[in-house]
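Q: Each chain is listed here by its residues.
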Amino acid sequence: MAVNGIIEIHNLSFFRGNRAIFKDIDVSIAAGKITVIMGPSGTGKTTLLRLIGGQLQPHRGEVQLFGENIAQLNRKQLNQLRGRMGVLFQSGALFTDLTVFENVAFPLREHTQLNDMQLHDRVLLKLEAVGLRGARDLMPSHLSGGMARRVALARAVALEPEIILYDEPFAGQDPIAMAVLQRLIKDLNDEMRLTSVLVSHDIAEACAIADRIILLGEGRVLAHDTPEALQTSTDPAVRQFMHGEADGVIPFHFPAPPLAEELLCDHASVADNRGGLQ
Amino acid sequence: MINLVSALGGQLLQRLALLGQALLMLLQSLRVLPGKHGLSRLIQQLYVVGVQSLIIMLVSALFIGMVLGLQGYTLLSAYGSEQAVGQMVALTLVRELSPVVAALLFAGRAGSALTAEIGLMKATEQLASLEMFGVDPLHRIVAPRFLAGLICLPLLVAIFSLVGIYGGHIVAVDWLGVYSGSYWGNMQQAVDFGEDVINGMIKALVFAFVVSWIALYQGYSCVPTSQGISAATTRTVVYSSLAILGFDFILTALMFGGA
Chain B
45 MAVNGIIEIH NLSFFRGNRA IFKDIDVSIA AGKITVIMGP SGTGKTTLLR LIGGQLQPHR
105 GEVQLFGENI AQLNRKQLNQ LRGRMGVLFQ SGALFTDLTV FENVAFPLRE HTQLNDMQLH
165 DRVLLKLEAV GLRGARDLMP SHLSGGMARR VALARAVALE PEIILYDEPF AGQDPIAMAV
225 LQRLIKDLND EMRLTSVLVS HDIAEACAIA DRIILLGEGR VLAHDTPEAL QTSTDPAVRQ
285 FMHGEADGVI PFHFPAPPLA EELLCDHASV ADNRGGLQ
Chain X
45 MINLVSALGG QLLQRLALLG QALLMLLQSL RVLPGKHGLS RLIQQLYVVG VQSLIIMLVS
105 ALFIGMVLGL QGYTLLSAYG SEQAVGQMVA LTLVRELSPV VAALLFAGRA GSALTAEIGL
165 MKATEQLASL EMFGVDPLHR IVAPRFLAGL ICLPLLVAIF SLVGIYGGHI VAVDWLGVYS
225 GSYWGNMQQA VDFGEDVING MIKALVFAFV VSWIALYQGY SCVPTSQGIS AATTRTVVYS
285 SLAILGFDFI LTALMFGGA
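Chain order of the listed sequences is B and X. Adding 44 to a residue's 1-based position in the first sequence gives its number in the numbering used here. Adding 44 to a residue's 1-based position in the second sequence gives its number in the numbering used here.
Chain X extracted, bound-state conformation:
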């Protein structure tokens, strides 16, 4: 019994120490604000992390919107209220699906790539070599990638919602004949900017922080061998996904729970 408790305690302490290390890495990398060259590195990372994730986001958003339109229509038309499909699609996307699905895709597409890239830089001694040139790899490599993640994911989430709503429109209005005016009108009436859109964006920002942080820490701290990098990449996707879903529940409870 005592052994079990002490083993559990040891595990907990170890986890806490890792968390502390990860926090230190983040603080140290953001200690100095990026200068003039930092901006061009940031823009480069915005391209890699954000623009290159666009295609997967657009395609997924379109299909998810179409599925929502179809499901919403089937469900609502049983009660004769298929006019409300627009508001259902929009609220589902803006409040929940866009932040969560976009963040999950982001973890799989951009997070894993970040981990692998930094892990490989470590394995090929590029990080050590930066250090020997008197350049802090945290500042040079980690910081721009973190900021890029923080900026990109909320933007991708916004795009995700837009495209999803359009996907719902294609199915519900163009194919199933819901009146276009009520699709948009009900949506406009039901979706509140502060309550729904801003809260969704807050979720996106939290997920962006968590996913980028996990991905960069896993890459930076990985064992610099092929197994080590592969394990770190897997951990990035697994931990990010769990963190996204866990935080989503907490944030939803905080934002929409009381009302």
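Bound-form chain B, shown alone:
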């Protein structure tokens, strides 16, 4: 099997309980590009990111990073591989008992043998890149949401990884913070020759920075193409998502029996449901 992408997913299936989150999906993510994983809420975007990071194991199929099947690695090899990969969690996930400086220094202390001077310089450079050198002595609880995410970004790139995974980097950010993050992600990708994988459902932001977009839905890959191609796609599901239409092939309702059936059911069961809030 020829490996061409830096991240290769083959025939991957993943279940939560009996519900299939993914059914035999194939994804290939090219090196050096910004790829955005999009899709309606609950389609497993974050799950896919965790599968790539090796935090979840697929039930079928395989995930290859740098040409290696991560399910076959032992703990040490996996940790080595993770040293080449940065992750920006949705909440930032800064260590609340460490200062901003120590948070960024954390991966360096764990994975490198830098002396204190080198470490100090490297951390300051990373903080400078996200514009927060002046905040180095603050505790995470004193940062705004946008600042916390930028610190987390500095921490994620501290080891100069080859791949960086972003989980909803724009969620809950004000327009300025969003623009700042967007520029940072793009600049970092270009300057450090990173491969960036983002999870997002913000179409405008995603289209602005993405080289490729993977659209997930109903347990499969609906589309994997450039933003321009997706904007003009004629596929009904793709159209509905890209243009934010409420009505279309992607259902608004959670699966349920027909409404008429439920309204006409015997009302004993309704009485059973009462009292839940009392």
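Some hints could be false.
One-sided excerpt, in silico: chain B residues whose CB lies under 8 Å from chain X [to be verified]:
#, residue
1, Asn-123
2, Val-131
3, Ala-137
Simulated from the structure, these hints should not be mistaken for laboratory data. Glycine residues also receive a C-beta, built at the ideal position from the N, C-alpha and C atoms.
Starting from the known structure of chain B, arrange chain X on it as the hints suggest.
A: Below, chain X alone, put in the same frame as chain B:
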């Protein structure tokens, strides 16, 4: 009937699986001994778990000792043997009350805090993020807290006994006029180091193990939402309290039952 049996069996199997998971968590976190940095993390946790629990222990011990002194004096003076109040206070504390009450307070003060802390770390993805930096959260977060609990509670129990005995002295000797020499003398004669003090310490060690284990497992396995953390914290206190009282009976029966 069959349904009932199978439901019970299913419940039992589920509980056993949870116990197995908890045991695995513990074994995995203690697989590697802490290194140089591990020691400084341990010391930090000794401060949080132990030193910060001191005030509540000291105050409770003083009052419990005073109550024991008062009750002992009232009871014993009816038989004219109030001289024995010292030995009563000391034996009650060393054998039973210090380990049990200190462990219950420890579960409420330190155990619940551990569960909430680790649960919140899980909810804010700090544990996942450690993992992505190639750091085992069991080794980094769980192990030092477990060891700190194991070290602190026996020490707190010893302090509890000391302060309790002093509290008894305040009431019985200073206020009610029992002769100080007989308070200490009878105590010295009655309390056996191996039989009483060591057995009390063994209890403390067992309780320390159980409480720390429950608190850490509940935090580590909780559902990472606000309800999940609150439920896990409650479970820590409830399970720990029941386990302490249950184990206390078993240990007492083993230690003092035959004689």
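Q: Against the structure shown, which of the earlier numbered hints fail to hold, in ascending order?
A: none
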